[in-house]
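2 protein chains.
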Amino acid sequence: VPRPVCRVTFQPEGRSVFVLAGTTLVEAAGRAGIILNQPCGGEGTCGKCRVELLSDAPPPGDHDCRLLGMEQLDAGWRLACQLSVDRDLLVSVPWEARFFEQVILAEGADASYPFRPNVRKVVVRVPGPSVHDQRCDLDRLRGAVASRGLQVDLSVLRSLPSALRQGDGAVTVVLEGRKVQGVQPGDTTATLFGVAFDIGTTSLVGALVDLADPTAHGQATLQARTNPQVHFGDDVVSRIAYAQSHADGLQKLQSRLVACLNEMILDLCQERGVDPDAVHEITAVGNTTMSHVLLGIDPSPIAQAPYVAVVRDAVDVRAREVGLDVNPCANLHVLPNIAGFVGSDTVGFALAAGLLRSERVQLGIDIGTNGEAIIGNRHGLVACSCAAGPAFEGARIHHGMRASEGAVSKVVVNDDIEVGVIGGGRASGICGSGLIDAVAELLGAGLIDEMGRIADPGSVPSHVPLSLRRAVVEHDGQPAVVIVPAEASRTGEPILLTQRDVREAQLAKAAVQAGIEVLIRESGVCLEEISRVLVAGGFGNFIRRSCAKRIGLLPPVSGEKIEFVGNAAATGARMALVYGDSREEAHRISRCSTYVELAGRADFQQRFADALVFAKPDGS
Amino acid sequence: VPRPVCRVTFQPEGRSVFVLAGTTLVEAAGRAGIILNQPCGGEGTCGKCRVELLSDAPPPGDHDCRLLGMEQLDAGWRLACQLSVDRDLLVSVPWEARFFEQVILAEGADASYPFRPNVRKVVVRVPGPSVHDQRCDLDRLRGAVASRGLQVDLSVLRSLPSALRQGDGAVTVVLEGRKVQGVQPGDTTATLFGVAFDIGTTSLVGALVDLADPTAHGQATLQARTNPQVHFGDDVVSRIAYAQSHADGLQKLQSRLVACLNEMILDLCQERGVDPDAVHEITAVGNTTMSHVLLGIDPSPIAQAPYVAVVRDAVDVRAREVGLDVNPCANLHVLPNIAGFVGSDTVGFALAAGLLRSERVQLGIDIGTNGEAIIGNRHGLVACSCAAGPAFEGARIHHGMRASEGAVSKVVVNDDIEVGVIGGGRASGICGSGLIDAVAELLGAGLIDEMGRIADPGSVPSHVPLSLRRAVVEHDGQPAVVIVPAEASRTGEPILLTQRDVREAQLAKAAVQAGIEVLIRESGVCLEEISRVLVAGGFGNFIRRSCAKRIGLLPPVSGEKIEFVGNAAATGARMALVYGDSREEAHRISRCSTYVELAGRADFQQRFADALVFAKPDGS
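Protein sequences, first through last, are from chains A and B. So the first sequence is numbered by the working numbering: it starts at -18 and just counts up by one. So the second sequence is numbered by the working numbering: it starts at -18 and just counts up by one.
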């Protein structure tokens, strides 16, 4: 009997997800894109993940009773990490339970940055000139701002005389440090916005943030899109090949991307009722190829051994120089990268996770087509790129699909195969987390052996229940496992896990596993010294740590050390927007990270070959 | 009998002028636009103005014999200040005799700047990336230039990967201080040019300078044009009025000016066989309105009391931002100004003359429609603007014209009226220096009295020779003087100096005289403390100091203290191009100058009224 599926709705977003009963509320929130605080690793000891149940609440557990008073328990407050979903729920998630706040406060004594956007507005009264004050317009402005060191560019000089002579002498000065970005007549200090972008090879995420209101704590309006460059190739290497083989290739890649970002900006602004002209800064993270393309910098060197970037440091340019339609003087800040295949998204991740602020050693993993891993503490970081390939994004998998509605995202094997489907309807394919679950659970059930072979239909081990044996079928002359039977699928065809699918999963996980092993070795720490393993990316929201560990995708540390941190790269971009001081840390992350090139290393090749074999259940 | 006119040709320019016999060679050179060294004030004691006569040389004088050896005398060397032209001459002017060198060496111990253009090229070998050197392109470039602090902008990053991968690994880095202006494949260090502009209300002067060759000493190819903005008004106030009364007025003024500057750049480059892309810096001086218009900054505040500029400091922008067609990354440096009506041309003048480097007090005067005067020494400067009006440029004068071919530029009154005509042909009008000469000489002859009245034809003083008396005629019911009789003029009509012309000259000279008097008073020095009076501007090349003093246009200091320094503003612009360190001095000149606003001052009004009266011959 499949376990019941429950609907969980989160407020104030109003976002709903369907999960199998038994899923923790933290995981359910993660599927809804809401990453909760778990500094204790989900052990129920810190109380940071407490949420308010607006619907009928399940009875409190021991940890709830210990950490929450009777009054709170009666009002429906529960620890999300301890709550096992067994019914439909309506949950209100307060801001202090959200990861965005947590990452800033998590590690290190100096972890908390003041709200200090790189761009700010001040309103000043500039006296008109007189016979006794014949200072030029700029000198009178400098006097009013009380800074002789103000830097102005031509656009400011061109707008200065009219701004000073409109209205009643009050002008708003938009400042980027000591640089004047613009002057506006009157007092416009109430309106100041920024946008943070995470530019992925496949997905674009944008966040509109109010930079005028320190009490908003960087709360953002969000937008996501598919990167329109997917028409030019699925991965960065094929994008670069496109740019190299077409005369206007780079220009086309750049303009497509920027056109989409401009749509996002427009939608974000409309949703919030904001004039795009009020956006005075944009921050961006992305893999190194994407950030080069955004800036119109030829990424070719990244595709040729030894795979170097053109520029590693952060780049600040006028947003209009790359075609972004916001305030004409707005600044675009692209965070620094670490190497050709470890981008500013990894720097953003490390920034959000506070890797360089902590004495404790932490390991960050972002699994995707180009997965990155970074390890270290305040004394230094080591990073590498793992070419996992697109298997975990559903590509090259027989019934593979992206983690969208209709995808099998969870598989539980007991006497039967039970699945969780994104959106709760009938399944139409398997996404990355479903693939990991399926392989891990079938390994546990004995239907897949350590070498990754699916048992022949005729030779399934005898301890396997009969109901499971029936799931093994033959496909293209090789064994396969029916994950969803034909009668339960959207297509009317059974959804299979084929022998080739398992091979793809083996190759992908082996690349990640071997990469992380080399990385840990290079960093000089042993496994026990790692205090946290942070798993980032949208992908991470859906996978179960036990299954990921079972197949070797995540290192064999205890479960409570593994945290899913959501789109930490985007969080890093938002931090750079809201906490100007964090840019210095991003610079240090970039410069204090040693890049390990895996390609061509003998130890990597050896570990990769070893990692193709699944570990035995005891972890040996 | 008119004195004979001699043709003097200067080498290596090949420029010819026609002068009246008796003119000094220094003055003849000035008319040809070649300003000679005269640190001794033309007394023949320093030997700095020695030139080589390639044609038959007049016999040497006492000073020649004292300062030049027999060998040099035999070879045709003479002191230009001592040589009175009495025949056609072919003269070779060595660089060391030219004012451009002199101003740099003239005053103060630290007066000589090293050849150090703001923009320079270095060629470096940047190693390709390897497994052992995975630094990004920019870091490898920084390593090769041995400067981590290099600043690059987006255009550099965009050109970097291809520049590094063309040719043999050698790249040329174009540097502006620590800023990288551009990178070019291969070694292009031999080619680096700059252009210096003097942007006058009426005239534009451009100089193309080789910045790669320190031995060229800033030698320049020159071009001059009429400012095409004259179509929109003769003076800055009418230009500003045009900008204010037309929606696209400023844009039109700016684009007309830039189009003309681009033509000049093209011509300069063609003349020298230089690709405009090799021009990496442009410096510009001009009155404050012109420099604002060049930059596209609204000059309106300059036209409204209290006449302030929008910006006083130097402005550096990409030349392409204002539309100048040189290297796309070239820098435009507009020198700082002092006030709305004392522009960067005055700063350039003060820079060329070394006013702020000298312990001695010097007075600089630039006479034009908007004349400026500046006085002081290393301890500070005081400047003012004298609204002389356009009389000295030939406007509002009955037969007035600009100082071009056919203009009477010199008048000598003895028993008769003798004139010098620019170009040597028949006269068609009177230019500014001719007007000054005429008024001064007729004052001396008694045909004009101290109040500026021309003697009635019937009541000419009895001591005036008969030949002169005949020159006085009646015109429009008032007396006038025939400067050139009908039979000697180009038009067949007599060229007259009318009573109204004398009034215009009185008004103009009174404005300058009163302004200088107030300025000297404000500076706290007395007349005797002034060691040099430097007269700048094309105008200055043609006037005779005795006549200018006679009418009160120049202060009553001894003649040897007066020096004509040619287009010193343009020299300042060239200094800023060739001697990067001089920009700091230009900044100090701007900031250490106190501006004196004459309008509305009671003491100015009083002195102006007094100055309308010509002084008696004894100087009282």
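Don't take each hint at face value.
You can't tell identical chains apart in this list, so a pair holds if it fits in one copy or across any two.
List time: in silico SDA-like cross-link candidates among lysine to any residue, alpha-carbon distance up to 20 Å [to be verified]:
(1) K233 to S143
(2) K542 to G405
(3) K233 to L135
(4) K233 to S539
(5) K160 to R68
(6) K160 to D229
(7) K233 to S136
(8) K160 to D297
(9) K160 to E252
(10) K160 to A376
(11) K160 to L135
(12) K160 to E302
(13) K160 to D134
(14) K597 to E431
(15) K597 to M432
(16) K542 to L35
(17) K233 to T207
Read the hints as simulated data drawn from the structure, not as lab findings.
Going down the list of hints, with the structure as the test:
For a Cα distance limit of 20 Å, the shortest separation of K233 from S143 across copies, 18 Å, qualifies, whereas the shortest one inside one copy, 38 Å, does not. Neither within a single protomer nor between protomers do K542 and G405 lie at most 20 Å apart by alpha-carbon distance, with minima of 30 Å and 98 Å respectively. Taking identical chains as interchangeable, the C-alpha atoms of K233 and L135 lie at most 20 Å apart only when they sit on different chains, with a minimum of 18 Å there against 30 Å within one chain. Taking the closest pair of Cα atoms, K233 and S539 never come within 20 Å of each other, the shortest separation being 47 Å inside a single copy and 73 Å across copies.
Taking CA atoms no more than 20 Å apart as the test, K160 paired with R68 passes in neither setting, with 55 Å inside one copy and 63 Å between copies. Taking the shortest alpha-carbon separations for K160 and D229, neither the intra-copy value of 35 Å nor the inter-copy value of 29 Å comes in at or below 20 Å. Proximity of K233 and S136 under a CA criterion of 20 Å is satisfied inter-copy only: 18 Å between copies versus 28 Å inside one chain copy. When the C-alpha separation of K160 and D297 is checked against a cutoff of 20 Å, the pair qualifies both within a copy, at 12 Å, and between copies, at 14 Å.
In this homomeric assembly, K160 and E252 never come within 20 Å of each other (Cα to Cα): the closest approach is 31 Å inside a single copy and 41 Å across copies. Taking identical chains as interchangeable, the C-alpha atoms of K160 and A376 are never at most 20 Å apart, the minima being 47 Å within one chain and 46 Å between chains. In this homomeric assembly, K160 and L135 come within 20 Å of each other (Cα to Cα) both inside a single copy, at 12 Å, and across copies, at 18 Å. For the identical chains of this complex, K160 and E302 are neighbours both inside a copy (17 Å) and across copies (19 Å), given an alpha-carbon limit of 20 Å.
Taking identical chains as interchangeable, the C-alpha atoms of K160 and D134 lie at most 20 Å apart whether they share a chain (8 Å) or sit on different chains (16 Å). Proximity of K597 and E431 under a CA criterion of 20 Å is satisfied intra-copy only: 7 Å inside one chain copy versus 119 Å between copies. Taking CA atoms no more than 20 Å apart as the test, K597 paired with M432 passes inside one copy only; the shortest distance there is 10 Å, against 118 Å between copies. Taking identical chains as interchangeable, the C-alpha atoms of K542 and L35 are never at most 20 Å apart, the minima being 30 Å within one chain and 95 Å between chains.
Proximity of K233 to T207 under the C-alpha cut-off of 20 Å is restricted to the intra-copy arrangement: shortest distance 16 Å within a copy versus 45 Å between copies.
Of the numbered hints listed earlier, those contradicted by the structure are 2, 4, 5, 6, 9, 10, 16.
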